[in-house]
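S.K.: Single-letter residue listing:
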Amino acid sequence: MTAAGAQAPASRGEAAYPRAPRTAVREGWLLLRVAGVSTAGRVRSLRLVSLTGDTLPSFTPGSHIVVEAGGRTNAYSLTGDFLEPTAYEISVLLIADGQGGSRWIHDELEVGEELSASPPRSAFAPVASARHHVLVAGGIGITPILSHVRAARLYRRSFEVIYAHRPDAQAAPLRELQALCGSNQPELVHSRAELTATLRNRLSDQPLGSVLFVCGPRSMMEATETIATELGWPAERIHIERFSTAALDPGNPFTVRLSRSGRQLLIPSGVSLLEALEGAEVPVPYLCRRGVCGECRVAVTAGRPEHRDLFLTDEERAAGDSVMCCVSRAHDPLLELDL
Amino acid sequence: MTVSADHTSVPRWPDEPPDVDPTGSSYLVVSRGDAGRAVALGWTSTIVSAAKPLWTHHESGEGPASVDALSWHLAAARVGTRVMVAAPELDVLDVLRAVRSAGAIDAEVRAHVTQTGDRRVYCPHCRTHTVAHLEVGDTVACEGCRRTLIVYHHVSRLNGSYFGYMVDAEEPAA
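Line by line, the protein sequences give chains A and B.
So in this note's numbering, spot 274 of the first sequence is number 274, and the numbers just go up one at a time.
So in this note's numbering, spot 160 of the second sequence is number 160, and the numbers just go up one at a time.
Chain B extracted, bound-state conformation:
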């Protein structure tokens, strides 16, 4: 599915990790996987040499633990905090969602995506999220209602998922 960059909310992640924002007064750094850890170590050494307060969290396995651990710190975070995340896209979208709902704005968050592939798709028919290895334009069976969803080029910042919809609604049932 080709679509103009101006007409999609699918994030286009830069290839290179972003630099540490030097204007922050304290930092939360979250990473997952070996590639994420390598990027996070680069950031943390910059932050430590600037003698700024730092909290880091690294996950090697699967699951939502990184967001759970971060949420506790976000609830107590003060203005001046910067959040940095290096992880696969699914985790990055989860972290961005948590960070925004805690009140952070885009200027306070920097992300590096180490890999894409696993995507969360939202089914507007039954409101279930399905996670699978998918590209935009693929179809997937919704885990909630078994409808065939097409992965549309729209990503919700609010729930960190791709938008899906029933692609064969007009076809007679088999």
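Bound conformation, chain A alone:
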């Protein structure tokens, strides 16, 4: 064997995007191979399989995985079979002006490549005891709803789907939805006004014991929540899947004292607490870096946190004894953490 023959061909895109080294799979994460790719419009669907050919861990319908994509970690809902699946299926909307994760999946990732992903995480699970499921999706927010429909069909649960989308977009997920729904076809709406009218109509006439699941653009989820609340739906019946957070203001500077080491760090405006901790080489686990996943929770021992996350419950916020350090800051000039 000659030296020339052993040289690997240079793969394209390596210069443009940082790629995680193959050995650096996080503890407990899965290394998956891209077994299939299909693109329809701005949505690219991936079929991810295990390297050994074994089935992958089962998951609760509505679960998502966190994928390392071009140096970013993005969360994507699992749309396929949830019981001993032979593959995890995700659908990725191209966000051209985003942070680059979806662009990398669209432009760089190819069949046969490997990527690392978290095990499935459930934060949007169906309610087994509910009398009826009202599933509302907007745009690419259809992805977790697909797996809810699968579960409802499998377990013969009562459900209905209201899907708001642009007529030309999400053609592939829509076809999958229509196929899954069978005789119980989704109600399709194509404008905000149409969605509002449909929601007012449907949410005013659901049997006691129904639950509402909503996934879609932030403004659409908020509008749905508002309509449901006006019609008397208690918050406990409304389940919202949040993947995106609004851009946060840079916030005021404050000081953090680490109670175990006694160190003090100044957190300037525009720098997150997590970034400052990383800069000081204080390891904190994290995943989403936008206040959604709950991974970077840190115990607070003094000072009042300014909560800006979507993870903590109202009671946990009021208790003030923990903080999601990726987005949250401090009301007081000094915050003491149990680190």
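In short, the hints are calculated from the structure, not lab data.
For glycine and all other residues, C-beta sits at the position ideal for the given N, C-alpha and C.
Please note that the accuracy of each hint is not assured.
Computed Cβ-Cβ distance ranges for the label pairs, DEER-style [stated by the list, open to error]: (1) A:T52 x B:D21: 51 to 59 Å; (2) B:A51 x A:E194: 24 to 32 Å; (3) A:A40 x B:D106: 23 to 31 Å; (4) B:L158 x A:L31: 42 to 50 Å.
Just a few of them, taken from the derived set where beta-carbon distance is under 10 Å, the chain B residues facing chain A [to be verified]: (5) D6; (6) V10; (7) P18; (8) S26; (9) A76; (10) A77; (11) G80; (12) A104; (13) I105; (14) A107.
Far from chain A, by Cβ distances over 12 Å, these chain B residues were calculated [as the list claims (entries may be wrong)]: (15) D15; (16) Y27; (17) P88; (18) G103; (19) D118; (20) V131; (21) R146; (22) V167.
Chain A is fixed; fit chain B onto it per the hints.
M.R.: What follows is chain B alone, placed relative to chain A:
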């Protein structure tokens, strides 16, 4: 029998009647007895002045009629309905049981207990329920099997009864 509040499912009813939940879109109000009626009238006047749909039912006598009447409405109830009950504890537990089995969650139900005293005790040995004037820690003869049951500090949400068990099982028969 003293037991920490954290370690019992015996309900601790507030002294004052709860307010009407203003977020409801329609209301079912059930009451029993004069004290229950007085509380229910306060609720219904609030609901009527908010111009919300309302169904009320009042019982003056004994028996399970209030739950029977309510069940029919619960079967047809829509999300947005709130249920309010003002009655002796035994009736309140019956209403809560019916309301939960119809799919309601705690956020949709508010209760006021006008008196305690009559309690239903479940016998796990013969599965009979015995109703009598009892306190937690008292003993009672099971109506099904005549075993001596102690009224334990556990209340089942599912069947609205206190848990009992044979208290003298270790003693030689007389």
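S.K.: A separate judgement is required for each hint: does it hold in the structure or not?
M.R.: Right, here's what the structure says about each hint:
Roughly 54 Å separates the CB atoms of T52 of chain A and D21 of chain B, a value that falls within the hinted 51 to 59 Å. One distance hint, 24 to 32 Å for the beta-carbon pair A51 of chain B and E194 of chain A, holds here, with the actual separation near 29 Å. Roughly 45 Å separates the CB atoms of A40 of chain A and D106 of chain B, a value that falls outside the hinted 23 to 31 Å. A C-beta distance of roughly 46 Å is found between L158 of chain B and L31 of chain A, which places it inside the suggested range of 42 to 50 Å.
Checking D6 of chain B against chain A by beta carbon gives a least distance of about 17 Å; that is not within 10 Å, so the hint is violated. This hint is violated: V10 of chain B has a C-beta 24 Å from the nearest C-beta of chain A, more than the 10 Å allowed. Proximity of P18 of chain B to chain A is violated relative to the hint, the smallest CB-CB distance being about 15 Å (cut-off 10 Å). Using the Cβ-Cβ criterion of 10 Å, the hint placing S26 of chain B at the interface with chain A is satisfied: the shortest such distance is roughly 7 Å.
At about 8 Å, the closest approach between the beta carbon of A76 of chain B and any beta carbon in chain A falls short of 10 Å, and the interface hint on this residue holds. A least Cβ separation of about 4 Å between A77 of chain B and chain A falls short of the 10 Å threshold, and the interface hint therefore holds. With 10 Å as the threshold, the beta carbon of G80 of chain B comes within range of chain A, its nearest partner Cβ sitting at about 3 Å, so the hint holds. Given hint, A104 of chain B at the interface with chain A, holds; its Cβ is 6 Å from that chain's nearest Cβ, closer than 10 Å.
Taking 10 Å as the C-beta cut-off, the interface hint given for I105 of chain B holds, the closest approach to chain A being about 5 Å. Because the smallest distance between the Cβ of A107 of chain B and any Cβ of chain A comes to about 4 Å, under 10 Å, the interface hint for this residue holds. Chain A leaves D15 of chain B outside its interface by the beta-carbon criterion, the shortest separation being 24 Å against a cut-off of 12 Å. Non-interface call for Y27 of chain B relative to chain A: violated, since the shortest CB-CB distance, roughly 10 Å, does not exceed 12 Å.
Consistency note on P88 of chain B: stated as away from chain A, and its beta-carbon is indeed over 12 Å from all of that chain's, at 25 Å minimum. The beta carbon of G103 of chain B sits about 2 Å from the closest Cβ of chain A, which is not more than 12 Å, so the claim that it is off the interface is violated. Distance check for D118 of chain B against chain A: the nearest CB is about 29 Å away, which clears 12 Å, and the non-interface claim stands. Look at V131 of chain B: its CB is around 28 Å from the nearest CB on chain A, clear of 12 Å, so calling it non-interface holds up.
For R146 of chain B, the condition that its CB be more than 12 Å from all CB atoms of chain A holds, with the nearest at approximately 37 Å. The claim that V167 of chain B lies off the interface holds: its Cβ sits roughly 35 Å from the closest Cβ of chain A, which is beyond the 12 Å cut-off.
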